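There are 2 protein chains.
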Amino acid sequence: MATFTDIALSGGFNILFVFVFFLAFAILRLQPLNDRVYFPKWYLRGIRCTPTRSGHVASRFVNLNVETYFRFLNWMPAAIKMPQPELIDHAGLDSAVYVRIYLLGLKIFVPIFAMASCVLIPINLTGKALSSKDNISFSEIDKFSISNIAPGSHRLWAHLAMAYVFTFWTLYMLYKEYKMIGSMRLHFLASQDRRPDQFTVIVTNVPPDPDETVSQHIQHFFRVNHTDHYLTHQVVYNANNLALLIEERKALHNWLVYYQNKHEKNRDERPQTRTGFLGLWGNRVDAIEHYTTMIEKLTQEADMERERVVSDRNAILPVAFVSFKTRWGAAVCAQTQQTSNPTLWLTEWAPEPRDVYWRNLAIPFVELAIRKLSMVVALFFLTFFFMIPIAFVQSLANIESIEKVFPFLRPIIETKTIKSVVQGLLPGIALKIFLILLPTLLMLMSMIEGFTSLSTLERKTASKYYFFLLMNVFLGSVVTGTAFDQLSSFLSKSASKIPVIIGQSIPMSATFFITYIMVDGWAGVSAEIIRLKPLIVFHLKNTFLVKTEQDREEAMDPGSLAFSASEPRIQFYFLLGLVYSAVTPILLPFIIIFFALSFIVFRHQIINVYNQEYESGAAFWPDVHGRIIFALITSQILLMGLMNTKEAFQSTPFLLVLVSLTIWFHLFCKSRFEPTFVKFPLQDAMMKDTLERATEPNLYLKGYLQNAYVHPVFKDGEDVCSQILDEEERRPLVTTKRIIHNINAGTSKGTFV
Amino acid sequence: MATFTDIALSGGFNILFVFVFFLAFAILRLQPLNDRVYFPKWYLRGIRCTPTRSGHVASRFVNLNVETYFRFLNWMPAAIKMPQPELIDHAGLDSAVYVRIYLLGLKIFVPIFAMASCVLIPINLTGKALSSKDNISFSEIDKFSISNIAPGSHRLWAHLAMAYVFTFWTLYMLYKEYKMIGSMRLHFLASQDRRPDQFTVIVTNVPPDPDETVSQHIQHFFRVNHTDHYLTHQVVYNANNLALLIEERKALHNWLVYYQNKHEKNRDERPQTRTGFLGLWGNRVDAIEHYTTMIEKLTQEADMERERVVSDRNAILPVAFVSFKTRWGAAVCAQTQQTSNPTLWLTEWAPEPRDVYWRNLAIPFVELAIRKLSMVVALFFLTFFFMIPIAFVQSLANIESIEKVFPFLRPIIETKTIKSVVQGLLPGIALKIFLILLPTLLMLMSMIEGFTSLSTLERKTASKYYFFLLMNVFLGSVVTGTAFDQLSSFLSKSASKIPVIIGQSIPMSATFFITYIMVDGWAGVSAEIIRLKPLIVFHLKNTFLVKTEQDREEAMDPGSLAFSASEPRIQFYFLLGLVYSAVTPILLPFIIIFFALSFIVFRHQIINVYNQEYESGAAFWPDVHGRIIFALITSQILLMGLMNTKEAFQSTPFLLVLVSLTIWFHLFCKSRFEPTFVKFPLQDAMMKDTLERATEPNLYLKGYLQNAYVHPVFKDGEDVCSQILDEEERRPLVTTKRIIHNINAGTSKGTFV
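These protein sequences, in sequence, are chains A and B.
Residue 329 in full-length UniProt numbering is what sits at position 329 of the first sequence, and the numbering runs on without skipping anything.
Residue 496 in full-length UniProt numbering is what sits at position 496 of the second sequence, and the numbering runs on without skipping anything.
Be aware that one or more of the hints could be misleading.
As the list claims (entries may be wrong) - Pairs of lysine-lysine, BS3-like flavour, derived with a Cα cap of 27 Å:
#1 A/K688 with B/K250
#2 A/K128 with A/K143
#3 B/K297 with B/K250
#4 B/K688 with B/K702
#5 A/K372 with B/K325
#6 A/K325 with B/K688
#7 A/K372 with B/K679
#8 A/K416 with A/K404
#9 A/K679 with B/K372
#10 A/K81 with A/K325
#11 B/K176 with B/K460
#12 A/K176 with B/K702
#13 B/K688 with B/K325
#14 B/K670 with A/K679
#15 B/K179 with A/K372
#16 B/K250 with A/K325
#17 A/K81 with A/K143
#18 A/K460 with B/K670
#19 A/K179 with B/K372
#20 B/K432 with B/K419
Everything labelled a hint here was simulated from the structure, so no lab data went into it.
The model shown is predicted, which means the values in this text are computed figures rather than measured ones.
Model the full assembly from the supplied sequences, consistent with the hints where possible.
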C-alpha cells in the first residue's frame, strides 16, 4: 500500500519531469531554428517571418543571448495576459472556449477543495476506524478518506451534506458557464463578418427527377417554395477519385523534391531508386526522371478525371449548397421541413466551407440509419471485447512464432537479455499500439456513420472515446479487470448491488488515481508544450524537402487542439474530481494542479501554435456540459453505493433526490440553452440583414456566394493540399483536408465512400 | 388450476353477457324515446330530428314494429359498411384512425395465430414435459404452452424462430400502418378547408416591455421579424375567474329550470328550497325567486368581471395567437427560433380553437420545468406507492370506526349478514374508487404539467395510464404483488435475473389473463354500446330540465372516445398478445375476438354516437406506435428470461439481436415518419397558398382571422357552455369546455391556474 513517502516521491519525480520539460521548452523555443515549430500561428498570421539572414551565421540557428535563458518561465504570464476578446479574435471561439473547460475545472474544484479541507478532512482524520483495525492493509492516504469513518457513524451525514453542497456548487458553475458561453457564441456570431455559411443551407437527399437535371430540379424546387428568398445554389460533384489522384501526386512530388535536393548537394551522382514498393525492390532507375514521368502521368489522369467528373451527369450527387438572398431566408430554410416526406430535401445549416467533409455528402437516408446501427454495435463490441483480438495478437507475437516466421533472427533473439526484453515488451506493445490507434479508429467509425462536417465528426468521436475511457480506464481501474469482465459480473449481480461494489472500491483506488494524474496529467501536459513530433518532422522536412520559402511555410505543422482525443481526457479528470470530492478530497489538489497547468499550457499553445481547421462557434459546449453532468450523476450513485457499505442506509433517499435534481437541471439547461447552439434565431438574422442592407446597398451577393462551396480539388487545380482561398477570411487557413490526411494515414481508404 | 371446463364455462358466461348486452342494445335503441342517446351524432349533424308528433302516441315512445326486433344485429354490417373516406369525412380523422388501432390488432394477431397454430401448438402439445411430471399443479391450458416443452429441448428453437417471424411480421405491419396513417394525415390536412389554425401560431413567454403594451410589443416584434408575412394577432385575457362565474350561473340556471318545470306541472304549489348547501339546510325560501335573484346577481358580477378583464392591463397574459398572411408564413414561424434567448417568444402551431386549453396558457418557462419535474416524481410515487393511502383508508373504513363516527348506525351494521357484506366490500371499495378516479387524477396531473391543448393533455395522460397499467396490472398479475413489492424485490435482484423471474411466471398467468380478457375485454366492450350512464342522465335531464327543443339538444351527451383512458387499455391487449404469442398462443383467439368486437362496436359508436371535441389529425399515432414497439421489446426480453429457465441459453444472443433490431426499427420509423405528425412542410403550405390565391384572389383574410381565437367566455356572453360558433366548421361542434368539466368534476379547482 502506498505510503505518504511513496506519493511524495512519485510527486517529486513528476514535478521534476515537468520542470525538465519546461526547461527544454525554454531552451528549444529560443533557438531561431525552431521558431517555426513554436510560433507557427504568428507565421500563418503573417506577423512573424523567418529570422533575417544578416548578422552572425550562428545566431540564425542558435540563440547566444544568455540573458534570455534565465527568464525561461516568462511565457506563462504572457499566455495568461491576453484578454479574452482578443483571444477570441486571435484564435477563434472554439479554441477560446476550449481552454475555458480547464478554467471551469478550477472554478469547480478550488472552492470544493476549500470546503472539503474545512469540513471533510478533519472529520475523516479524526475518524479512527482504520487505526483501530488489526490489519494494516490501508494506505496513509486512506486516513484522509471516508474509509476512516466507522460504519453507521453519524459523521457520514457530513459527507452527505457536502455531497449536496458540492453538487449545487457544480450545478451553479455549470449554469453560469453555459449561460456565458451561450452569450459568447451569440456575440461571436453577431459580430462576425459576412460569411458564405450565413446565407447557405446544405440540402441532402434530393429526389431524382426523370425530366430535369439535379441542378434544374433544385432550382425549381426552391424557386417555388422559397420564392422571395432563393438566390443560387451549387451542386456537389463526386470528386473522391480525383482527390485520391491529386493526393497521390502530392506524395510523388515530395519524393521528386527530395531527390532533386539530393542531386543539388551532390552534382556528380544522379540519385537512383527502384520501381517497386517504397523503392525497396524492382529495377533501378534514375529517380528524378522516374518521378517526373510518374507525376506527368498522374497529372494527365487527373485532368481526364476532372473532365469526366464535370461532364458526367452521374457524377453530380443529389446534394447541393443552396444560398439565399438574406440570412433570414437561410435561417428559415435550415429550420423547417420542406416536403411531406421527411427523408427527402433535408435541409441543415451549411458548415463553413473549411468544415465540410465532402466524402459523406451523398449517403442516402436509409443507408445512414443502417450505418448508425452498425456503428453502435461496433462501439459496444469495441469497448467490451477489444481485449480478445489483442490477446490473440499477443499469443501470436511471442518469441517462438517470431522465430518461425523470421528464422534468420533466431541468433539475435536467443541472446538472453534481448529475449527477456522482447518477452517483457511484446504483450504490452500490442495493447499500446491499440490505444494509440484508438482515437483514429473511433474517428473512422464516426466517418462511417456519415456525418458531413469535421466539427460533428470530432464531437461524435469524443463521445465514443469518453465511453471507452469510462468503461475501461475508470471502471477498469476501480474494479480491476477489463470492461468485459465487469459487464458479465454486473449482469449477474443485483441492480442495486452494482453501485455498492464499485462504491466500496472507490476509496481504495485513490492512490492509484493520484499517481495516474501525475503521470498522465502533469507530465503529459508539460510534454505537450515541447511538440516533440512536429519538431522532428519539421527539421526532417526542412532538411530534405524545403527549397523555397513557401515550402518552408508548408513544412510547418501548427497542429490543432484535437478535440476528439483531448476533451474526453479532460472529462476523465472531471469525473475523478467529482467522484472523489466527497470520498477522498485529498485527491483534489492534484486535479487542481492539472487544470491550472493545462490552462496555462493550452492557452499558450492556442496563442502561439495551434491553428484550428474550422470554426464551429463552440458548438461542442452542450456535449461538454452533458458529460460533466453525467460525471456528477455517476459520483452521486457511487457515493450511494459507498454509503450503503457504510451502513448509512438513510442516505439513499437523499442521494436519489439529488440524482433526480441533477437530471432535472440537465433537462432544464438543455431546453434553456441548447437551442442557442443548434438553431439560428430569426431576430438576429433579420438584424444583420437590415444592417447590411443599410451599409452596403449595392452588394453583389450572388457573385460573392457563387463559388464559396466548391470541392477543394476544383478550387485549386494545382495542389489540393494548399490553402483554400476563402476570400472573406483575412487570415490564411489550413485546408480541411489536412485533418483527414492525418486520420487516414495508416487506415485503408477503401472502407468508406 | 383452471381446466378446460372452467375456461369454457367462463367463456360461455361471457358470451352470454355479450349477447344480453347486444339484445338490450337492440331493444333500447329501437325505442324512439332513446333515439337521442343512440344516434346523437346524426342529430348534431342535423340529419336526424325528434320523431314527428303525428301518429299513435305510444309509437312516439315505444317501437311497436315487431319485425325490427328480429334484425337485432343488423347494426353490425352497417357499422362496417361505411367506407373509410366517408368515415373520415363524417367522424374526423382522429376517430377513424382510432378504430384502425383495433384493425391493426387484427392484422397483427390473426396471421400470428395462424402461424402459431401450424407450428407452435403441435410442438407444444407433443412436448410431454408436463404429463411426465408427478405433480399435477398445471392447468390443461399449459399443455398448449411452452411449459410442456422439456428444459434444454431442441424444440425450443422453433419458439425462437417463431419469435423472429412474429417480430418481423409485427414490424412490417407497424411500418405499413405508420406509412398509411402518415399519408392519411397529409391527405387530410391537404384536403381541409381554410381553418384559422392553418394561419396561426401561438406565441408564449412574450417578455414584458416597459414602454409598450403586450399587444403593441407583439405587433412590433412580428412586423420587424416577419415583415412580409405578419397579418394580425389576438392577445389572451386571463378570464379564468370569469369562466368560473359563468359556469356557476349555468348550474343555477339548471336549478331554476328544474323548479319552473315543477311549478308548471303543479300550478297550485310554489316550489321551495333552502338557502344552504345543496338545499339541505338553511332558511326555506321560494325556489324560483331565489334562483332568479341569484342568477341576476351572478350576471352582474360576471359583467363587472368581464369589464375588468378587458380594461385591466394586467389581465392580458404574455401570450398571443399570431396570424400570418400565408400558411407558409405561419409554418415558418412555428418551426423556427425567434430570439437568441430560447425561453422567450416561443412559437408553436396553434391548436385549433376548440382544442385550446385556456387555463395553461400563461405558465412561465421556469415554472413549466418545475411542474414537469414534480409530476414525474408524483407519477413515480403514484405508481409504486398508491397502495399506502388506500391501505390507510381501508384501515379506517372498517366496521369499528364506522360505528364510532356514526353510533346510530350500530344496530343496522351489527346485523350479521350486513356486517359480513360490509366487511367484505369495504376494502375493495376504496381500491375500486381509486381505480375509477385514476384517469381523472392522471389527467389532472397532465394539466398541472401545463400542456396547452386538449389533444396533448389526452396523449400525455394516456402515457401515464399505460405506465400504471403496465406496472400494476401486467407485472402485478404475472408476479403477484403490487408494483412496490416488485420494485423492491427487483432492486435486490440481479439485473439479468429480472426477466427470468417474470419470464417463468408468464405461462402460469395465461389462464388468469384469458379470464381477464373475457371479462374486461368482451363484456366491457359490449357494455360500452348500451351507454348506460348517458341513457340515464339523458332521461333525467329530459324529465326535469328540458323545456324547448334546444334544451333537448343540450341534454344529449354524445360523449367522445376518451383516448386517455381507452387507448392504454387497447395497448394492454397488444402487450398480452405479443408476450403470449410465442409462449401460450392459445390465448391469441381471445384477443382476436376482443379486437374484432371492439372494432365493430367502436366503428358503430363513432358513426352514430361520439362527437370529438377537437380534431388533432391523428397526432397521437407516434404514441400508439411507440407503445406497441415497447410491448414487442418487453415480449422479447421476457421470452429471453423464459428461455433461460428452459436452459436454452444459446437463444440469448439471438434474442438480444432481435431487441436491437426492434429498437433500431423504432428509431428509423421515428426519423422517417414522426416529422409528419409534428411539423408542417413548406411545400404543402406553399401549394395551398398558391391554390387559394388563384381561386379566391379577393379573400379578406384579416376579417376571417380577427376573432378566431377569442376565449369562449367572450365569444358567447350568454352561455359559456354553448357551442362555439366556428364559422368555418359547417357541422356544429361541442365546446372545448365540456371535456374539462367532466374532468374537473370532483377535483378541486384551486390547485391549478
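Could you tell me which of the numbered hints above are not met by this structure, giving the numbers in increasing order? 1, 5, 10, 12, 16, 17
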